[in-house]
Amino acid sequence: MKVEINGKMLNANEGETILELAKRNDINIPSLCHKKGFDGLGRCRMCLVEIKEGHRTKLVSSCVYPVKDELKVQTHTDEIIKIRKDIVMLMYLKSPKNKYVQKLAEEYEIMIPEKYVQKISDDCILCGLCVEACRELGTSAISMVNRGTGKKVSTPYDDESKDCIGCGSCAEVCPTNAITMTENENTRTIWNRTFELVSCEICGKNYTTLETLKYSENLLGQKIECICDECKKKITAATFKESFKNIY
Amino acid sequence: MSSQRQILVCCGTGCLANNSYEVYLKFKDLISNKEIQIKPIIKPTGCNGLCEKGPVVKILPDNISYFKVKAEDVEEIIEETIVKGKIIDRLLYFDTNTKNKITDHKNATFYKNQHKIAIRNIGEIDPSKIEDYIERDGYAALKKVLFTMKPEEVLEQVDKSNLRGRGGGGFPTGLKWKTCAKYNHYPKYVICNGDEGDPGAFMDRSIMEGDPNTVIEGMIICAYAIGANQGYLYIRDEYELARKNMQIAINSAREYGYLGKNILGRGLNFDLEIVRGGGAFVCGESSALMASIQGKVGEPRAKYIRSVERGLWDQPTILNNVETWANIPPIISYGPDWFKEIGIKNNFGTKVFSLVGKVKNTGLVEVPMGSSLRSLVFEIGGGVIKDKKFKAVQTGGPSGGCIPKEHLDISLDFDSLNEIGSMMGSGGVIVMDENTCMVEVARYYMEFLSEESCGKCTTCREGIKLMLDILTNITKGNGKEEDLDLLLGICDTVEKGSLCGLGQTAPNPVRTTIKFFRDEYLEHINNHKCPAGVCKNLTSYQINSEACIGCGICKKKCPVDAITGENKKLHVIHQDICITCGECYENCPTNAIEIGGGIFES
Numbered sequence: 001m002k003v004e005i006n007g008k009m010l011n012a013n014e015g016e017t018i019l020e021l022a023k024r025n026d027i028n029i030p031s032l033c034h035k036k037g038f039d040g041l042g043r044c045r046m047c048l049v050e051i052k053e054g055h056r057t058k059l060v061s062s063c064v065y066p067v068k069d070e071l072k073v074q075t076h077t078d079e080i081i082k083i084r085k086d087i088v089m090l091m092y093l094k095s096p097k098n099k100y101v102q103k104l105a106e107e108y109e110i111m112i113p114e115k116y117v118q119k120i121s122d123d124c125i126l127c128g129l130c131v132e133a134c135r136e137l138g139t140s141a142i143s144m145v146n147r148g149t150g151k152k153v154s155t156p157y158d159d160e161s162k163d164c165i166g167c168g169s170c171a172e173v174c175p176t177n178a179i180t181m182t183e184n185e186n187t188r189t190i191w192n193r194t195f196e197l198v199s200c201e202i203c204g205k206n207y208t209t210l211e212t213l214k215y216s217e218n219l220l221g222q223k224i225e226c227i228c229d230e231c232k233k234k235i236t237a238a239t240f241k242e243s244f245k246n247i248y
Numbered sequence: 249m250s251s252q253r254q255i256l257v258c259c260g261t262g263c264l265a266n267n268s269y270e271v272y273l274k275f276k277d278l279i280s281n282k283e284i285q286i287k288p289i290i291k292p293t294g295c296n297g298l299c300e301k302g303p304v305v306k307i308l309p310d311n312i313s314y315f316k317v318k319a320e321d322v323e324e325i326i327e328e329t330i331v332k333g334k335i336i337d338r339l340l341y342f343d344t345n346t347k348n349k350i351t352d353h354k355n356a357t358f359y360k361n362q363h364k365i366a367i368r369n370i371g372e373i374d375p376s377k378i379e380d381y382i383e384r385d386g387y388a389a390l391k392k393v394l395f396t397m398k399p400e401e402v403l404e405q406v407d408k409s410n411l412r413g414r415g416g417g418g419f420p421t422g423l424k425w426k427t428c429a430k431y432n433h434y435p436k437y438v439i440c441n442g443d444e445g446d447p448g449a450f451m452d453r454s455i456m457e458g459d460p461n462t463v464i465e466g467m468i469i470c471a472y473a474i475g476a477n478q479g480y481l482y483i484r485d486e487y488e489l490a491r492k493n494m495q496i497a498i499n500s501a502r503e504y505g506y507l508g509k510n511i512l513g514r515g516l517n518f519d520l521e522i523v524r525g526g527g528a529f530v531c532g533e534s535s536a537l538m539a540s541i542q543g544k545v546g547e548p549r550a551k552y553i554r555s556v557e558r559g560l561w562d563q564p565t566i567l568n569n570v571e572t573w574a575n576i577p578p579i580i581s582y583g584p585d586w587f588k589e590i591g592i593k594n595n596f597g598t599k600v601f602s603l604v605g606k607v608k609n610t611g612l613v614e615v616p617m618g619s620s621l622r623s624l625v626f627e628i629g630g631g632v633i634k635d636k637k638f639k640a641v642q643t644g645g646p647s648g649g650c651i652p653k654e655h656l657d658i659s660l661d662f663d664s665l666n667e668i669g670s671m672m673g674s675g676g677v678i679v680m681d682e683n684t685c686m687v688e689v690a691r692y693y694m695e696f697l698s699e700e701s702c703g704k705c706t707t708c709r710e711g712i713k714l715m716l717d718i719l720t721n722i723t724k725g726n727g728k729e730e731d732l733d734l735l736l737g738i739c740d741t742v743e744k745g746s747l748c749g750l751g752q753t754a755p756n757p758v759r760t761t762i763k764f765f766r767d768e769y770l771e772h773i774n775n776h777k778c779p780a781g782v783c784k785n786l787t788s789y790q791i792n793s794e795a796c797i798g799c800g801i802c803k804k805k806c807p808v809d810a811i812t813g814e815n816k817k818l819h820v821i822h823q824d825i826c827i828t829c830g831e832c833y834e835n836c837p838t839n840a841i842e843i844g845g846g847i848f849e850s
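So the sequence lines, in the order shown, correspond to chains A and B.
Residues in the first sequence are numbered from 1 upward in steps of one, following my numbering.
Residues in the second sequence are numbered from 249 upward in steps of one, following my numbering.
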């Protein structure tokens with residue numbers, strides 16, 4: 001399948017989105033709510049591109065638009081650049097104190113209408129990556145709740161979550177550090193719930209929660225050794241080194 | 249039609265709120281205890297449209313209609329009209345256009361100019377009795393389809409009629425069905441969108457309450473045409489009576505063999521289920537509605553792959569609005585050529601509007617497409633209340649635009665309304681008079697939409713919020729002229745950058761009010777004056793010394809004693825006490841109270 005992006009002819013795969021195709025070919029389309037491995041969400045609207053099918057042009061979100069043969073795409077028209085700037089400006093009005101958003105505003109050289117900047121800065125830009133991460137890697141313990149300006153990410157009724165396993169995937173993917181995850185000596189607190197931490201059998205460092213470990217064991221149907229990622233890497237590297245020794 | 253006398257008591261939601269059920273029960277009670285040779289049949293019906301004058305009681309075949317009937321009037325109606333055949337003048341309808349009292353409501357200007365297709369049975373039948381529907385040719389279209397037509401022929405007929413979806417988008421129904429029929433991917437689903445959420449709109453509610461069987465019949469015909477076995481009626485939770493009547497109709501249709509397995513022995517299996525909507529406006533958007541049926545968060549999805557291919561549970565799905573479904577049986581029965589004789593090119597048939605706001609006759613009306621807005625407001629609607637000056641009409645719900653008097657002759661059809669920056673929407677028509685502030689109107693709708701946007705897209709969620717903040721600022725007297733440019737710039741981004749119809753049309757009220765009423769915005773911004781006297785910060789009242797006759801009515805009406813003056817002498821409003829409630833302005837017999845600008849600065 002042939003797709004043209006910014007005048008360049010590219011080979012596209014069936015089922016791939018415009019954004020995936022562009023990324024594969026080092027064409028930059030900005031996006032805030034897209035992460036490799038997740039389905040496109042179409043939330044942030046930064047990845048809007050102009051497509052031409054026949055004689056008609058329209059704006060579509062490239063993270064969810066499936067490629068079609070002979071599709072023509074423009075990623076940086078004046079119209080699109082103006083919309084992206086407005087989106088960043090709108091995010092800044094909501095999250096003026098967030099470093100990530102501040103950096104974006106600088107990068108896009110945004111003129112800020114000062115009197116409409118929100119007094120209370122909200123770190124969350126509602127990109128939805130945490131909800132996706134929880135669905136893919138965790139237990140769907142968090143979700144988008146409410147609507148309109150009251151929309152937020154939370155557990156059911158903002159209560160301590162029964163389903164959360166404290167894996168921290170949500171906090172890990174969050175681009176704006178909006179999810180508070182605090183750790184003490186032996187505990188981790190996230191989404192109003194405190195979890196007991198498990199330490200690595202080798203280095204002794206706390207690395208995951210008991211609930212995450214149990215959840216993974218349940219999924220795999222077998223016991224898992226309590227070894228942290230770093231130590232696992234070290235062991236793999238050592239095994240590698242050993243096996244190469246015999247070859248040379 | 250039976251020749252036995254019938255007493256039809258309107259029990260639509262509007263009339264029920266005015267105790268029409270009591271009227272109905274009183275009729276039942278008195279008639280059963282009274283010795284009359286041939287007892288009349290008493291029926292509760294759906295909405296007659298003229299809700300403002302309810303409860304409505306119709307007596308057939310005499311064709312006498314009584315309005316604003318109270319339980320106390322029932323005995324007199326039986327004694328005088330039913331027994332003696334006399335008309336009770338007091339209860340007749342007063343036509344504000346012709347200034348006449350009217351015996352048969354069908355002769356009133358309000359009804360005369362209407363053409364009823366979708367609401368043809370409402371007010372004429374008892375919605376809980378499927379027999380009433382059948383007596384008026386109900387399910388005849390279904391029989392015609394099942395016994396004499398192939399699915400392709402049904403698709404052809406609907407396509408030929410050029411019926412366009414009445415939910416707002418105006419997408420050709422026939423094309424939608426034909427495309428869905430092409431996919432050989434089963435199961436397929438049929439959905440009725442009954443999540444009417446526009447403020448002031450009640451077209452769909454009235455149809456579901458007053459004639460539920462026509463919706464069901466339309467859906468079964470579609471199921472046959474596209475090959476679906478299951479359908480859903482998504483009805484908003486607030487519509488209790490609609491849900492109740494719909495459920496009764498579904499049960500009766502099953503008993504009659506119109507729903508269920510092997511319908512009328514013709515091999516079609518199709519059944520319906522009601523799904524209660526949770527009350528989110530955005531769930532009226534088709535993909536959000538489907539998400540909601542599936543138990544997911546009610547957010548729209550990008551419809552680059554259309555619902556006809558992958559809709560509910562990723563299966564081919566046809567979703568139509570209540571009014572669209574109600575149009576199907578007549579189109580099948582009388583044929584597409586009949587349908588195309590009504591309305592205008594590309595916009596055939598009729599449209600139901602809920603006419604509300606500052607208009608004399610508020611209610612439900614169905615007129616041919618292409619009728620003028622002027623005839624809707626000034627003939628059927630009877631003009632503006634208290635004969636005040638007409639200012640604008642807002643059509644199409646919260647994302648519709650405001651149409652000023654210069655464009656009153658606009659044709660009511662999908663294309664003309666879009667062209668002017670408004671839209672048909674589901675058919676809400678709100679009339680505004682000279683005392684409506686257009687900046688406040690825009691602000692009100694942005695407030696509504698900021699709460700009702702699903703909040704998925706940054707442009708819609710934050711863009712509408714910014715528009716609301718700017719408009720609130722203007723109505724408080726803190727606006728600057730450059731705010732209008734910022735506002736229009738954001739309108740553009742929200743429209744182009746949002747995923748679903750809600751965001752894409754949300755800027756309409758702002759754009760049209762700035763386009764047609766820019767002067768009013770500038771009065772707010774530059775002169776700190778709200779010409780309509782609505783924005784409290786920008787309003788003050790003064791008494792014109794020449795017009796004041798010193799009658800003292802304003803002084804009496806003032807709730808905070810801000811007005812002083814001796815009898816027959818000029819009265820004065822003390823601005824430091826005045827709370828600008830407008831009581832004096834509304835009640836002055838000589839219109840001596842004038843609206844001035846805000847005085848908050850001095």
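Rather than coming from a laboratory, the hints here were simulated on the basis of the structure.
For glycine and all other residues, C-beta sits at the position ideal for the given N, C-alpha and C.
Treat the hints with care, since some could be wrong.
As the list claims (entries may be wrong) - Cut-off 27 Å, straight-line C-alpha distance, at most; resulting in silico cross-link-like pairs (DSS-like, lysine-lysine): (1) 551(B) to 119(A); (2) 724(B) to 119(A); (3) 551(B) to 85(A); (4) 408(B) to 377(B); (5) 728(B) to 115(A); (6) 364(B) to 152(A); (7) 72(A) to 744(B).
Claimed, not checked - Covered stretches of chain A, going by a simulated chain B footprint (3 or more residues, C-beta under 8 Å): (8) 85-97; (9) 162-174.
**Asked** Which of the listed hints are broken here?
**Response** The structure breaks hints 1, 4, 6 and 9; every other hint is satisfied.
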